[in-house]
Amino acid sequence: MKENLLELINDLKEEMKICEYLTDDELERVSPCFGVEHYPAGTVLFSEGDPGDYMGFVISGKIEITKQTEFKGKEIIIAIVGKGSFIGEISTFDALPRSTSAKTIEDTDLLIFKRSTFDRILKEHPQTGIKMLEGIIRILALRLRKTTERLTRIF
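In numbering that gives the first Met the number 0, the protein residues as written are 0 to 154.
Errors might be hidden in some of the hints.
[Claimed, not checked] Beta-carbon label-pair distances, calculated as ranges: (1) GLY83 x ARG28: 18 to 24 angstroms; (2) ASP118 x THR22: 20 to 26 angstroms; (3) GLY72 x ASP24: 47 to 53 angstroms; (4) ARG149 x ILE104: 20 to 26 angstroms; (5) LEU141 x LEU26: 18 to 24 angstroms; (6) ASP10 x GLY41: 44 to 50 angstroms; (7) THR151 x LEU4: 39 to 45 angstroms; (8) ARG149 x GLU123: 20 to 26 angstroms; (9) LEU4 x GLU69: 41 to 47 angstroms; (10) GLY72 x ARG28: 44 to 50 angstroms; (11) LEU143 x ALA94: 18 to 24 angstroms; (12) GLU69 x ARG137: 28 to 34 angstroms.
Because the hints were derived from the structure by calculation, they are not lab data.
Idealized CB from N, CA, C, for every residue including glycine.
Model the full assembly from the supplied sequences, consistent with the hints where possible.
Listed below in structure tokens is the structure:
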């Protein structure tokens, strides 16, 4: 993995929708706000009901996203995500508990972006924060479209 966080984020800019609208100067300004974490296969990143204070961008590896059903102890797999995917963004912004659980199924590297850091960016650099929000909104809109499409196939 690259030692230089700015270089890493620049390399992933097209996949990281949160950063796709940022200029090089803005990207340089926000890159120190991200952290990189490594998680071995089988690591529970968060569980349904946990507080949500960060989102993660998958640099490498795979993560299984699950949701508890109405039947105690029974979960369904919502998604298996890999490089280029975000996890945890909903709780990061609505400040509600996590709605799903996430567990690594391969060794995984994540770029971590905390809600408190994003709040600081919005206060100190509102234009940059707005551009990042545009990227996040695009991610959420795409996921909502996919969910709607899946639901219509069921019925």
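Cross-check of the supplied hints:
For the pair GLY83 and ARG28, the supplied restraint of 18 to 24 angstroms holds, since their beta-carbon distance comes to about 23 angstroms. A hinted range of 20 to 26 angstroms holds for the C-beta pair ASP118 and THR22, which are about 21 angstroms apart. Between GLY72 and ASP24 the Cβ separation comes to about 51 angstroms, which falls inside the hinted range of 47 to 53 angstroms. Between ARG149 and ILE104 the CB atoms are about 21 angstroms apart, so this pair conforms to the stated range of 20 to 26 angstroms.
Checked against the hint of 18 to 24 angstroms, the pair LEU141 and LEU26 passes, with Cβ atoms roughly 22 angstroms apart. The given range of 44 to 50 angstroms is broken by ASP10 and GLY41, whose C-beta atoms sit roughly 28 angstroms from each other. Separated by about 41 angstroms at the C-beta atoms, THR151 and LEU4 satisfy the suggested range of 39 to 45 angstroms. Checked against the hint of 20 to 26 angstroms, the C-beta distance between ARG149 and GLU123 comes to roughly 39 angstroms, which is inconsistent with it.
In this structure, LEU4 and GLU69 meet the distance hint of 41 to 47 angstroms, their C-beta atoms being roughly 42 angstroms apart. Checked against the hint of 44 to 50 angstroms, the C-beta distance between GLY72 and ARG28 comes to roughly 46 angstroms, which is consistent with it. Judged by the Cβ atoms, the range 18 to 24 angstroms given for LEU143 and ALA94 holds: they are separated by roughly 19 angstroms. Separated by about 32 angstroms at the C-beta atoms, GLU69 and ARG137 satisfy the suggested range of 28 to 34 angstroms.
Comparing the model with each numbered hint stated earlier shows that hints 6, 8 do not hold.
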